[in-house]
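There are 2 protein chains.
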Amino acid sequence: MELIVLGAAAGGGLPQWNCAGGQSSQVWNKTRLPQSQASVAIGNERTGYVIINASPDLRQQILQTPQLHPKPNHPDGVRNTPIAAVIVTNADVDNVAGLLNLREKQRFSIYGPTKVLEILQENSIFAVLDPEFVTQRPLETTETISPIPGVEIELFTVAGKAPLYLEDSLGIQSGDLGFTSGIEIRTAASKTLVISSCAQIDQKLRERIETADHLLFDGTVFEDDEMPQLGLGEKTGRRMGHLPISGTDGPIVQLAHCNLKTKRFFHINNSNPIWDEQSLAHRTIRDAGWDICHDGLVFEI
Amino acid sequence: MELIVLGAAAGGGLPQWNCAGGQSSQVWNKTRLPQSQASVAIGNERTGYVIINASPDLRQQILQTPQLHPKPNHPDGVRNTPIAAVIVTNADVDNVAGLLNLREKQRFSIYGPTKVLEILQENSIFAVLDPEFVTQRPLETTETISPIPGVEIELFTVAGKAPLYLEDSLGIQSGDLGFTSGIEIRTAASKTLVISSCAQIDQKLRERIETADHLLFDGTVFEDDEMPQLGLGEKTGRRMGHLPISGTDGPIVQLAHCNLKTKRFFHINNSNPIWDEQSLAHRTIRDAGWDICHDGLVFEI
Chain A
3 MELIVLGAAA GGGLPQWNCA GGQSSQVWNK TRLPQSQASV AIGNERTGYV IINASPDLRQ
63 QILQTPQLHP KPNHPDGVRN TPIAAVIVTN ADVDNVAGLL NLREKQRFSI YGPTKVLEIL
123 QENSIFAVLD PEFVTQRPLE TTETISPIPG VEIELFTVAG KAPLYLEDSL GIQSGDLGFT
183 SGIEIRTAAS KTLVISSCAQ IDQKLRERIE TADHLLFDGT VFEDDEMPQL GLGEKTGRRM
243 GHLPISGTDG PIVQLAHCNL KTKRFFHINN SNPIWDEQSL AHRTIRDAGW DICHDGLVFE
303 I
Chain B
3 MELIVLGAAA GGGLPQWNCA GGQSSQVWNK TRLPQSQASV AIGNERTGYV IINASPDLRQ
63 QILQTPQLHP KPNHPDGVRN TPIAAVIVTN ADVDNVAGLL NLREKQRFSI YGPTKVLEIL
123 QENSIFAVLD PEFVTQRPLE TTETISPIPG VEIELFTVAG KAPLYLEDSL GIQSGDLGFT
183 SGIEIRTAAS KTLVISSCAQ IDQKLRERIE TADHLLFDGT VFEDDEMPQL GLGEKTGRRM
243 GHLPISGTDG PIVQLAHCNL KTKRFFHINN SNPIWDEQSL AHRTIRDAGW DICHDGLVFE
303 I
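Residue numbers (my numbering), protein chains in the order written: chain A, 3 to 303; chain B, 3 to 303.
Under the rule of at most 20 Å between Cα atoms (straight-line distance), these lysine-lysine pairs were calculated in the PhoX-like manner:
no.: 1; chain 1: A; residue 1: K193; chain 2: A; residue 2: K206
no.: 2; chain 1: B; residue 1: K107; chain 2: A; residue 2: K237
no.: 3; chain 1: B; residue 1: K73; chain 2: B; residue 2: K107
no.: 4; chain 1: B; residue 1: K73; chain 2: A; residue 2: K32
no.: 5; chain 1: A; residue 1: K107; chain 2: B; residue 2: K237
no.: 6; chain 1: A; residue 1: K73; chain 2: B; residue 2: K32
FYI, nobody ran anything at the bench for these hints, they're computed from the structure.
Given these sequences and hints, build the entire structure.
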């Protein structure tokens with residue numbers, strides 16, 4: 003069973019469409035490879051794949067990933083896909099917009115918290131996913147599913163915040179529970195956690211991470227105020243529902259004692275200096291036993 | 003003033019994510035270049051650009067198009083864009099989903115028919131486009147706007163159909179008016195028409211085309227039933243609101259007398275044999291004075 007990082011960058015990607023600063027500028031200058039928005043695929047050729055979060059870059063991510071291409075001589079005919087299911091962990095544009103690419107009367111399942119599926123129902127544009135072909139199944143926290151053989155997936159609540167576009171109507175602030183979820187993936191060989199948004203590492207989350215083999219963790223910002231510092235916006239990491247990597251309440255300090263096989267940052271913002279292997283921030287995370295994800299990274303789980 | 007073809011393919015693109023048949027298979031095999039979903043940009047470095055239709059591939063299209071990159075040393079700071087406006091001609095996913103890529107508190111204007119803007123309002127996901135920065139302006143047919151200096155743009159009604167995801171609720175069938183629009187672009191040098199969906203060439207449309215210099219015209223299918231013939235789906239071109247190129251009521255016959263400087267097919271489906279320069283269909287359109295668009299094509303208007 004393999005895990006494929008389809009996209010390693012936070013919302014907006016690297017480069018961000020309207021940003022000529024920092025590391026985005028290096029991509030515009032072609033001195034750095036672009037990175038697409040956070041998503042992973044899990045599975046293998048025999049079982050098919052589960053996509054965790056449908057980023058706005060999903061069509062491009064499928065093009066870049068031979069494992070996700072449709073196959074010639076398939077029993078279903080020329081129209082087929084190895085994508086068996088998509089799990090959406092929250093309703094942010096970053097995690098659901100890619101569903102709009104999966105139209106064309108193709109059978110697959112969408113799993114997500116009831117709240118998230120309700121938002122999809124309320125937005126008529128998602129009706130392009132014809133319910134005759136695309137089944138939406140509620141997946142609540144603590145529930146375990148097996149959307150492909152040999153993989154158990156459990157959704158768990160992580161401290162986070164409401165989707166940006168619903169903040170005004172819902173009035174939910176950073177740190178509130180219930181809108182952000184992590185994913186636990188269990189195979190015969192290992193336990194992997196994918197946590198792309200996390201506003202707080204509490205005792206329960208720490209205990210879950212202690213027993214895992216592989217971790218992909220929210221690496222949005224290295225320092226809480228790096229975006230304002232770089233002139234890239236006013237918001238801090240915490241305001242966006244993300245713990246800064248370097249904070250005393252952040253993952254380096256809080257998860258230092260966790261002895262996993264791999265710990266990688268994921269969902270990395272274009273402002274985050276850990277993208278740069280020459281940076282002090284990158285050396286800091288490497289010295290602490292962490293690595294970063296990048297588009298196309300594949301590892302066995 | 004230039005026109006840049008950001009994407010030349012019809013909805014789904016070439017290849018289509020779940021299609022291993024026909025010309026899609028050649029892209030998966032890397033024997034054909036991919037083509038993204040239909041969109042054009044108009045403008046120049048001095049005036050900025052207007053995007054006509056925000057395809058789901060818009061982030062990738064911006065990456066591929068140096069003219070649309072943000073600029074270093076811009077008076078607005080590191081966050082800037084040459085994109086001044088986006089015009090959406092209908093509410094199909096193909097034409098509006100890309101708006102979700104244009105978040106991040108960047109000033110620009112969206113123009114579109116009131117019906118289309120209402121659909122954006124009803125879909126809360128589009129609230130990521132903060133109204134403090136993104137202005138939505140109704141653009142009705144026969145109205146003329148000048149979103150960038152030196153360019154006049156007029157929207158006109160074309161025979162078409164309702165967006166697929168609203169067909170059930172609205173009960174609107176192919177051929178109904180009011181949901182599909184063409185774009186007339188006038189500069190000091192020329193008049194250009196961009197018509198990506200057209201279910202019928204009537205006298206009014208023919209007269210408009212007769213007086214144009216450049217035409218980008220709905221090239222979705224060459225033959226009405228080519229998709230069923232190739233096993234790529236049940237729908238005919240007409241059922242999807244598109245005239246077949248080769249029909250006696252299609253553009254080759256109906257526009258044969260129009261003496262434009264350039265006539266190009268645009269919004270070309272992955273099933274359409276005109277993509278293949280060796281095909282009889284391609285020779286047919288060339289012999290009739292037409293060419294095809296491809297991603298990255300630029301011409302002076």
